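Spelled out, the chains give:
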Amino acid sequence: MGESGSLHMPPANSTIAGEVDALFYFIFYTAIVLFVLVMAFTTYFIIKYRRRGQRELTSGVAHNTKLEILWTVIPTILVIIVFVWGFKTYLRMNIAPSDALEIKATGQKWFWVFDYPNGANSMNDLVVPAGKPVKLLMSSQDVIHSFFVPDFRVKMDVLPNRYTITWFEAINPGEYDIYCTEYCGKGHSEMLGKVKVLSEEDYEVWLASAAVEIPEGMSLDEAGAQLYTSKACATCHSIDGSPGVAPSFLGKFGSKEALVDGSEVLVDENYVRESILNPQAKIVQGYQPVMPTYQGVLTDRQIDALIAYMKTLKQ
Amino acid sequence: MNVFPEHNYLAEPKGLKSWLLTLDHKRIGLMYLFAIMFFFMVGGIFAVLLRLELLNPGPDIMEADTYNQFFTLHGAIMIFLFIIPSIPAALGNIVLPLMLGAKDVAFPRLNLASWYIYVFGALFALFSILTGGVDTGWTFYTPYSSTTGGSVISMTLGVFILGFSSIFTGINFIVTIHKLRTPGQTWFKLPLFVWGLYATAIIQVLATPVLGITMVLLILERVFGIGIFDPAMGGDPVLYQHFFWFYSHPAVYIMILPGMGIISELISTFSHKKIFGYKAIAYSSLGIAFISFLVWGHHMFTSGQSEMAAMIFSFLTFLVGIPSGIKVFNWVSTMYKGSISFDTPMLYALSFLFLFTIGGLTGIFLGALSVDVHLHDTYFIVAHFHYVMMGGTVMAFLGGLHYWWPKIWGRMYNEFWAKVAVGLIFIGFNMTFYTQFIMGSQGMPRRYYNYLDQFQPLHAFSSYGSWILGLGFIVMAFYLISAIFKGKIAGNNPWGSLTLEWTTTSPPDPHNFAEIPKLEHGPYDYDKVVAKSTLEE
Chain A
5 MGESGSLHMP PANSTIAGEV DALFYFIFYT AIVLFVLVMA FTTYFIIKYR RRGQRELTSG
65 VAHNTKLEIL WTVIPTILVI IVFVWGFKTY LRMNIAPSDA LEIKATGQKW FWVFDYPNGA
125 NSMNDLVVPA GKPVKLLMSS QDVIHSFFVP DFRVKMDVLP NRYTITWFEA INPGEYDIYC
185 TEYCGKGHSE MLGKVKVLSE EDYEVWLASA AVEIPEGMSL DEAGAQLYTS KACATCHSID
245 GSPGVAPSFL GKFGSKEALV DGSEVLVDEN YVRESILNPQ AKIVQGYQPV MPTYQGVLTD
305 RQIDALIAYM KTLKQ
Chain B
4 MNVFPEHNYL AEPKGLKSWL LTLDHKRIGL MYLFAIMFFF MVGGIFAVLL RLELLNPGPD
64 IMEADTYNQF FTLHGAIMIF LFIIPSIPAA LGNIVLPLML GAKDVAFPRL NLASWYIYVF
124 GALFALFSIL TGGVDTGWTF YTPYSSTTGG SVISMTLGVF ILGFSSIFTG INFIVTIHKL
184 RTPGQTWFKL PLFVWGLYAT AIIQVLATPV LGITMVLLIL ERVFGIGIFD PAMGGDPVLY
244 QHFFWFYSHP AVYIMILPGM GIISELISTF SHKKIFGYKA IAYSSLGIAF ISFLVWGHHM
304 FTSGQSEMAA MIFSFLTFLV GIPSGIKVFN WVSTMYKGSI SFDTPMLYAL SFLFLFTIGG
364 LTGIFLGALS VDVHLHDTYF IVAHFHYVMM GGTVMAFLGG LHYWWPKIWG RMYNEFWAKV
424 AVGLIFIGFN MTFYTQFIMG SQGMPRRYYN YLDQFQPLHA FSSYGSWILG LGFIVMAFYL
484 ISAIFKGKIA GNNPWGSLTL EWTTTSPPDP HNFAEIPKLE HGPYDYDKVV AKSTLEE
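Which chain is which? The protein sequence lines are A and B, in order. Residues are numbered in our numbering as their position in the first sequence, beginning at 1, plus a constant of 4. Residues are numbered in our numbering as their position in the second sequence, beginning at 1, plus a constant of 3.
Just to be clear, a hint being listed does not mean it is correct.
[Claimed, not checked] DSSO-like mimics (lysine-lysine), calculated; alpha carbons at most 30 Å apart, straight line: (1) 52/A to 282/B; (2) 489/B to 52/A; (3) 535/B to 52/A; (4) 17/B to 52/A; (5) 192/B to 70/A; (6) 531/B to 70/A; (7) 340/B to 52/A; (8) 489/B to 535/B; (9) 70/A to 340/B; (10) 17/B to 491/B; (11) 70/A to 282/B.
Source of the hints: derived by calculation from the structure; they are not laboratory data. This one's a predicted model, so the numbers in the text were calculated from it and none came from an experiment.
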């Protein structure tokens, strides 16, 4: 397997990738041959038949039945090969093996949530075991997104009110980029994630630990700092005061916020909790009501941890 | 010595009113030409700004919201206000009746109406830019477009109105081609540009209403929440994609077919050689027009449509590629045993051959289902359609513009600077867009304001290319404008062409021909007739 990738293709790290690449390169080299042929004839003709002197009558040759049949039939055969080949792999890409590990993927502006069979969830990082087929059951909370992992050659749109499916089997442990490839607004290009492929043992260990709300021996604010990135708060809320899609967390706790309805609110524990569970209730001036609810994603203990973390972010 | 004709459509009748109320197809075509060139410039400025922003990852010169609006406007303006009307409504309007030996199009008033409707639609688009902008992408996908802020309604209303302008031009051309051919000009004695316009007109008339309906449904969705596309109300956002591409895929052929027609004229004229496979080229235009209605689902291979549908659309997509390939082979064969000169229009035709062949061949990657899954919505697609639309249609448009320039204005442009501009555009174009193929197959998604560091070198190279490309167009603007006033007088037939438009004066009389022209030979009979170039006299 080409782990290093080439000029045109990224590393191939899923079981299907090699099959896709084989067709890609078949078309690539066929196309180069055809292109070179067309350009070679063009170049030869424009040199050989360049005008020297006056306009004169030229040859009336305007047909050659054999040639015309040839240049219709050969490309037709070539594209039929490409069609059948592409369709066969496409079917394999769309039908998940029955023993696949099923993970629920949810897209929303602008992050991914992954729910695992044991009740654990993760945000933006999809953790999977190597060497085992993984089936993603996908849907969106708002607009259309699309789940794309270049190194696995998989892509599938993620729709509201409908499930779509994609699957892959990662070959090697490692980290692989996830992109959103259906335009979804301001944070579209920040809707990134990683597939973290672990060995099967590491995956089991991770899965068990991920089901725990707050890791043992960790203080609340440390856990909050971890949740800040793992639950994708970081996509929109900065911690250095720089403005983004949403207000920065720096020095926010204990301050007063002006709301779009003209009123003011004190950023206290209850306000933060409300903003996490019911983000549309109070919108800060200068921002759009774009935050999705974290109802069901964060537990009470995790919200406590995030509040504790926000308290540490003093100006 | 060539003399500038005293009676010509540019000089008489005089006055602004005579232009604004003109029924002369040449004047209407010229007014279209000015309008589309203006929007080509606006769309181009957006493009250069987008590339400037993409020079480095992270914010450079604009915010994400601004970027999203700019790429939407770049696409919407280039497609709806520039490229769709570019060849048919501007060049076609001017040239079609002349090629048929006719006095005007069949419905001159409808022709003027279509220009005013175009301007009216364009005003809606400008209004949307000034009142909040639009950030949906030119495809207006639901549910994003039905929920985002900004002036989506006025923009889609603009697109709806522009559709009528396109339909009117289509109807006008169909009737003109059927009814106004000069005596003796049978279908197979028509110049191939006319065949291209005819196939285009059929698509314009049949497909554009679907776009209109789709835009109305989208507006109703936004204003009244009728729920046809809204999943929360039982609607289907994918249905929107079906409706949209049912028009917008045939629209791709509205853009390219007339361009292919121009290329047939240019290669035959400048090779001074009978076109190879006349009937194959003519029929393939109609074949493309017909199959183009049945391939829209290839925009949706990852949308969740059924595997069966994907399979059928993939197959038909390959089928539509064959006639385009045949055309390329015919053009190359036309040069065989010709007498080839390298005037600027021919350089555009050769650029077209190079770039369009790449555009066409990269389409095969995208028609193949498994490979498309990887390439869909990446920069590979962006590169592919720029090679087809800009490398194809725009190169053909520029070739046609330079070819008929002496007919339109009666004067030549500066050949040296014109060749400099072709060179800059060709090099700049390839730098800008070939890099995007590589980025795309490496996984760089399109419509990204920000990107990962690994793509920086390629993005930067692409942006440098866009500067060279822009410079080419600036050079062109200078020499073309100066040619209007100071260019060398061209005479009736500077290229020694055999089609009818070259038998009348340049610029033509307001009534085109002094008397109904007699067809003495076919459009490409360079094996029987040598028409002297008026430039070489």
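Results of checking the hints against the structure:
no.: 1; hint: 52/A to 282/B; in the structure: holds (27 Å)
no.: 2; hint: 489/B to 52/A; in the structure: violated (36 Å)
no.: 3; hint: 535/B to 52/A; in the structure: holds (23 Å)
no.: 4; hint: 17/B to 52/A; in the structure: violated (50 Å)
no.: 5; hint: 192/B to 70/A; in the structure: holds (24 Å)
no.: 6; hint: 531/B to 70/A; in the structure: holds (25 Å)
no.: 7; hint: 340/B to 52/A; in the structure: holds (8 Å)
no.: 8; hint: 489/B to 535/B; in the structure: holds (24 Å)
no.: 9; hint: 70/A to 340/B; in the structure: holds (18 Å)
no.: 10; hint: 17/B to 491/B; in the structure: holds (24 Å)
no.: 11; hint: 70/A to 282/B; in the structure: holds (16 Å)
Of the hints listed earlier, those the structure fails to meet are numbers 2 and 4, in rising order.
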